[in-house]
Structure formats: structure tokens, C-alpha cells
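S.K.: Here is what each chain is made of, one letter per residue.
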Amino acid sequence: GQSLEQPSEVTAVEGAIVQINCTYQTSGFYGLSWYQQHDGGAPTFLSYNALDGLEETGRFSSFLSRSDSYGYLLLQELQMKDSASYFCAVRGDKIIFGKGTRLHILP
Amino acid sequence: SQTIHQWPATLVQPVGSPLSLECTVEGTSNPNLYWYRQAAGRGLQLLFYSVGIGQISSEVPQNLSASRPQDRQFILSSKKLLLSDSGFYLCAWSPPHGYEQYFGPGTRLTVT
Numbered sequence: 001g002q003s004l005e006q007p008s009e010v011t012a013v014e015g016a017i018v019q020i021n022c023t024y025q026t027s028g029f030y031g032l033s034w035y036q037q038h039d040g041g042a043p044t045f046l047s048y049n050a051l052d053g054l055e056e057t058g059r060f061s062s063f064l065s066r067s068d069s070y071g072y073l074l075l076q077e078l079q080m081k082d083s084a085s086y087f088c089a090v091r092g093d094k095i096i097f098g099k100g101t102r103l104h105i106l107p
Numbered sequence: 001s002q003t004i005h006q007w008p009a010t011l012v013q014p015v016g017s018p019l020s021l022e023c024t025v026e027g028t029s030n031p032n033l034y035w036y037r038q039a040a041g042r043g044l045q046l047l048f049y050s051v052g053i054g055q056i057s058s059e060v061p062q063n064l065s066a067s068r069p070q071d072r073q074f075i076l077s078s079k080k081l082l083l084s085d086s087g088f089y090l091c092a093w094s095p096p097h098g099y100e101q102y103f104g105p106g107t108r109l110t111v112t
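Chains A and B, in that order, give the protein sequences.
Residue 1 is where the first sequence starts when you use our numbering, and the numbers rise one by one after that.
Residue 1 is where the second sequence starts when you use our numbering, and the numbers rise one by one after that.
Excised from the complex, chain A in its bound form:
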């Protein structure tokens, strides 16, 4: 079957760094995406990795290891506005979203 696994919740302190992991099992693989969703809002696109390695976009970075079927989203210099749910999504034979990781940020 196809599945995505990510932690349901993560807590970190304002100004710190946090990593959200995602492991996947899919039929076919084209790339791994990350989305942010604030309460009551729609998801917004953060990043996409098709090849192994680290992609950096400002305070956010995303990593992919295709051989390990694993990726992560790294958030640096955490701000209170980063409190949200983060979803990984795989584009393979189908598009599958993880169940999301709720990020709590403490002052």
C-alpha cells in the first residue's frame, strides 16, 4: 500500500530550530512537497524536492533522501506565526498527503 508517516505534534521554543520528518511508501515517486496550513485556512505551498539533498528558502529548508524514502522540513529562527500544521505530500502514481504535524511554539 501507499502511506506517509509524520509526527502528529511537535513543540519548540520561539527562536529555536525544529525538524519535521516524513517517511513514505508509494508506488512510483516524482517528488516530495511541504505545505503549511494555519487553523481555518487553506494549505500554502512551501517547498518541493525531486532530487536528493537540501533545498533552502529563507528560514525554511527541505531535505530528501530517495534511497531512504525520507524527507524533512527544517524551520529556523522560529516565530510565533509559524504555529500551524505542516503536511508532507508525495507525488507518485497518485498524490498522497500525510495527516499533518501540528507545530506548537512556546514563547
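Hint data in this document are derived by calculation from the structure and do not stem from the laboratory.
Accuracy of the hints is not assured; some may be wrong.
[To be verified] Under the rule of at most 30 Å between Cα atoms (straight-line distance), these lysine-lysine pairs were calculated in the DSS-like manner:
{"#": "1", "chain 1": "A", "residue 1": "LYS99", "chain 2": "B", "residue 2": "LYS80"}
{"#": "2", "chain 1": "B", "residue 1": "LYS79", "chain 2": "A", "residue 2": "LYS94"}
{"#": "3", "chain 1": "A", "residue 1": "LYS81", "chain 2": "A", "residue 2": "LYS99"}
{"#": "4", "chain 1": "B", "residue 1": "LYS79", "chain 2": "A", "residue 2": "LYS99"}
{"#": "5", "chain 1": "B", "residue 1": "LYS79", "chain 2": "A", "residue 2": "LYS81"}
[Unchecked claim] Quick list of the computed label-pair ranges, beta carbon to beta carbon:
{"#": "6", "chain 1": "B", "residue 1": "VAL12", "chain 2": "A", "residue 2": "PHE29", "range": "38 to 46 Å"}
{"#": "7", "chain 1": "B", "residue 1": "SER29", "chain 2": "A", "residue 2": "MET80", "range": "33 to 41 Å"}
{"#": "8", "chain 1": "A", "residue 1": "PRO107", "chain 2": "B", "residue 2": "TRP7", "range": "31 to 39 Å"}
{"#": "9", "chain 1": "A", "residue 1": "ILE17", "chain 2": "B", "residue 2": "ASP71", "range": "41 to 49 Å"}
Just so we're clear, the structure is a prediction, and the values are computed from it rather than from any experiment.
Built from N, CA and C at the ideal position, the CB exists for glycine as well.
Guided by the hints, dock chain B onto chain A, whose structure is given.
M.R.: Coordinates of chain B only, in the frame set by chain A:
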């Protein structure tokens, strides 16, 4: 710039009633279009996607259907709603050969 619209924002419908949700995209041509459903506190479930007018792929068998009568218009329908159809419905688009998806504001549907 590209914009995606969805309406209505909220909807309360009785069991057995019909449904029609509309999504339109502006500022792009030949987008891929998607309908998702999100249950409370859960991930997104892909319901339908379309790569062109009249071309619809269904991901999950259910009592919902989708149509794409125009290039930038995507409609989600049901003839008879079930209680289990309640949820947050999201329309999204992506460039024809792109990977990023851009979501509309969503419709929160409650079936009573």
C-alpha cells in the same frame, strides 16, 4: 498573477440534498485542477483531478462527482448528500507540468 476562487465559504445542507461547489482560476491557462476533502484534524484526501476540459480522474469511489466544463472552472457535485460528506472541501490548481499546488480558500460543508 494567478487567483483561485471557491464558493460558498460555508454551507449547511440536509442529508439527501444535492450539492454543487464551484471553483474558478484566473491568470493561468490549462491548469491541472484538484478537489480535496479534509476531515477535522486530518490530512487532505484527493477526490478528483483534471488535466483538461472534460477530463476527470476519480481517486475515491463515493457519491460525489466532478466536472470541468471550461478550462478554468471545476465543479464538485452530489445528487444526495450523506452525513459522512461533511468536511472542508478544497480546490487547488497547479501549472500543467508543475509540482506545486495552490489552494483556494475552501468550503466548510456540514451535512445535518
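S.K.: All hints, please: hold or fail.
M.R.: Cross-check of the supplied hints:
no.	hint	result
1	A:LYS99 with B:LYS80	holds, 28 Å
2	B:LYS79 with A:LYS94	holds, 27 Å
3	A:LYS81 with A:LYS99	holds, 21 Å
4	B:LYS79 with A:LYS99	holds, 29 Å
5	B:LYS79 with A:LYS81	violated, 41 Å
6	B:VAL12 with A:PHE29: 38 to 46 Å	holds, 40 Å
7	B:SER29 with A:MET80: 33 to 41 Å	holds, 39 Å
8	A:PRO107 with B:TRP7: 31 to 39 Å	holds, 38 Å
9	A:ILE17 with B:ASP71: 41 to 49 Å	holds, 43 Å
Violated hint: 5 only; the structure is consistent with all others.
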